[in-house]
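From just these sequences and the hints, can you work out the full model?
Here are the chains, one letter per residue:
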Amino acid sequence: MMVLGSGEYHRFEAAGRPFVYLVPSAAVFALDDAADAVLRALAQRGRTRDELVGELSDLFPRSELDETISELERVRAIGDVHVPDKPLPKFFPLMPFPLTTMVLNVTNQCNLSCTYCYEYSEDKIVDTENGKKPKFMTEETARESVEFMLKESGANRMAHLTFFGGETLMNFPVLQKTVAYARERAAELGKEVDFSLTTNATLLRPDVIEFLAENRIGVTISIDGPKEMQDKFRVFHNGAGSYDIVAPKIKELLRRHRSRPIGARVTLTSGVLDIKRIFRHLTEDIGFWEVGFAPVTTSPGRDYAISTGGMDTVLAQFSELADEFLEAAVANRHHGFSNVKDTLEEIHKGVSKAYPCGAGLGLMGVATDGDVALCHRFAGSDSHKMGDVRTGIDRNAQMAFLEKHHIADKTDCSTCWARPLCSGGCYHEAYTRYGETTRPNLHFCEWIRGWTDVCLRVYGELSERNPAYLAQFDHMESVAERAV
Amino acid sequence: MKHLKPVNSKAGRVMEYVRAPEAVAVNDVGSTVPAQGDVVALQGQGGGTPQQAPPHIPLGCSTVFSPGWEADRTGGTAGLCQPVERDLFDCHLGCYWPAQVPDQLNHAPNWTATCAVAQKDWRKIDLVFP
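Just so you know, the sequences run in chain order A and B.
Letter by letter, the first sequence follows residues 1 to 484 of the working numbering.
Letter by letter, the second sequence follows residues 1 to 130 of the working numbering.
Treat the hints as calculated values from the structure; they're not laboratory data.
Heads up, the beta-carbon is just placed ideally off N, CA and C, and yes, glycines get one too.
Just to be clear, a hint being listed does not mean it is correct.
What the hints assert, rightly or not - Short, incomplete list of chain A residues facing chain B, as computed with Cβ under 7 angstroms:
id : residue
1  : Ala27
2  : Val28
3  : Ala34
4  : Ala35
5  : Lys177
Claimed, not checked - In silico PhoX-like links for lysine-lysine, alpha-carbon gap of 25 angstroms or less:
id : chain 1 : residue 1 : chain 2 : residue 2
6  : A       : Lys86     : A       : Lys404
7  : B       : Lys5      : A       : Lys341
8  : B       : Lys120    : A       : Lys404
9  : A       : Lys177    : A       : Lys249
10 : A       : Lys124    : B       : Lys120
11 : B       : Lys5      : A       : Lys349
Structure (structure tokens):
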């Protein structure tokens, strides 16, 4: 006798009606009352089809129930509990996978000394002070990197080049020449290069701003918020805060550079958790178009690490900002909370990830000496090397990496409904926390599920109240394809 | 489908996929009727709920070489309850498995003095001879 039971899904409510997010297909369906009643009944315990129809026949006609059960079976929201579980399929991307984004670490030096920085703090992977890597990338290595990027981008017409550091603008001369060179070479090959960079804003001189604006270079500024928050950890080597130096420069950049939206990236730490205030300050007082937040990457126990209680505060405030975002999106107004927008796009497309991000796949980081690594956060680390720009991607190392990091092997994730979007989380976070890139970031699970639920509810509301807003995502290239 | 409304793009694609088995059959008199058995396409793949997860190994020590942290079920060390180095400090205190460590109360009180962070400094810990 076939006993029906729940499949894998997450139920949520939005705009006064129930929805399901199916796992691992990542499909979102709105339910009618009959479908919701069937799912709720089976969530309590398994039942045969006859039992189920019998129990609910007071509420719905039998023919309706039969139809509903069949529909739910077809999309695999419910199924036979006696059918043994199948292992998750382990499909690998077709090789050679084209490189879409190259992150070029033009220097590993920085003029700030942010306490929590993954590159300089106690959790650093690469010794940038006494190690063997050059402190600045040479023009020659940068050119070789451009050639590498254009070659590895395969049949793609568009390649993204992100300049990174250390403090990226400490090597502005090489950056300038690299942009010109990449443009020229791409044109010769009938390709296009899109440029972006991340900077702490301390070196945004008028000539630099002019260059960025003229060359349509996307800019992300690392900034933590109003003065007292920025100056808590984002300090110069002598301990002096950086807010007073960077604020006027950022305002000048925003005034002059109108060719690309300019975003802020905030690192959340134990002392910097007043998210709504940070958001208001950065969007309203400073004028950023978008603000993205990320919790600091750290091993546990550092005094700037966010506690579990702290992450609850983050979620509550994220949720409030997401509600504001929703109201803005319903009215077709812009709202700069980029965390929610990125997740909505992934929900809309029904992304179901085998890997948490594009690192080692479509995205790679290049160290100052031309060594290619998983991503910019591992650039310069010999144990995460994946070739170099002169000899190309080490395909064996890449394949070995992809085999070891597939979601099918992350047993901790196998029962989690949020895995299509999370897929275990950042490799660097895992490495810092557990010493292994293969481990899922278990310390973030509750938070990720909470945040995904918030985003699903925003998505459900938008699907009812302003579906046209969601349709814009159909024409956008994916988040992973855009710059870091 | 009457009771489920596809909302995102993926749901649209799922609908395209499941629409095929919903196809009609032709009856004796030549008119079309809904085909019997709703789950034709899924039966081919074993039916049921293919998205159900494989057996879950609970968080904790490996069950392969129980008790022990040597390897997880894939033969690697990624699925262990703690990084292997943590065995020095965790397992012998918190777990029933008596990891062999020196007597730090009487004979080797400074045994771990050079090991500030187990994951990084475990190599610095020396042998202790009674």
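Notebook entry, point to check: Quick one, are Lys124 (chain A) and Lys120 (chain B) close enough, alpha carbons at most 25 angstroms?
Noted result: holds, 12 angstroms
Next item on the list: Compare the distance between the alpha carbons of Lys5 (chain B) and Lys341 (chain A) with 25 angstroms, and conclude whether the hinted pair is satisfied.
Entry: Distance of about 23 angstroms is within 25 angstroms: holds.
Checklist line | Proposed proximity, Lys349 (chain A) with Lys5 (chain B) (alpha carbon, max 25 angstroms) | finding: With a Cα-Cα distance of about 16 angstroms, the restraint between Lys5 (chain B) and Lys349 (chain A) holds, given a limit of 25 angstroms.
Notebook entry, point to check: Would the pair Lys120 (chain B) and Lys404 (chain A) pass a check requiring their Cα atoms to be no farther apart than 25 angstroms?
Noted result: With a Cα-Cα distance of about 22 angstroms, the restraint between Lys120 (chain B) and Lys404 (chain A) holds, given a limit of 25 angstroms.
Item checked: Cut-off 7 angstroms, beta-carbon criterion: hint that Val28 (chain A) touches chain B -> holds, 4 angstroms
Check: If you draw a straight line from the CA of Lys177 (chain A) to the CA of Lys249 (chain A), is it 25 angstroms or shorter?
Finding: Since the Cα atoms of Lys177 (chain A) and Lys249 (chain A) sit roughly 23 angstroms apart, the hinted pair holds (cutoff 25 angstroms).
Check: Against chain B, is Lys177 (chain A) within 7 angstroms by beta-carbon distance?
Finding: violated, 39 angstroms
Notebook entry, point to check: When you check the alpha-carbon spacing of Lys86 (chain A) and Lys404 (chain A), does it fall within 25 angstroms?
Noted result: At roughly 20 angstroms apart (the allowed maximum being 25 angstroms), Lys404 (chain A) and Lys86 (chain A) satisfy the hint.
Notebook entry, point to check: Are Ala34 (chain A) and chain B close enough, Cβ to Cβ, to be under 7 angstroms, as the hint says?
Noted result: holds, 5 angstroms
Item checked: chain B contact restraint on Ala35 (chain A) - CB to CB distance below 7 angstroms -> Interface hint status for Ala35 (chain A): holds (4 angstroms vs cutoff 7 angstroms).
Margin query: Restraint: Ala27 (chain A) near chain B, CB-CB cut 7 angstroms. Satisfied or not?
Written below: Check passed: Cβ of Ala27 (chain A) comes within 4 angstroms of chain B, closer than 7 angstroms.
The earlier numbered hint that this structure contradicts is number 5, and it is the only one.
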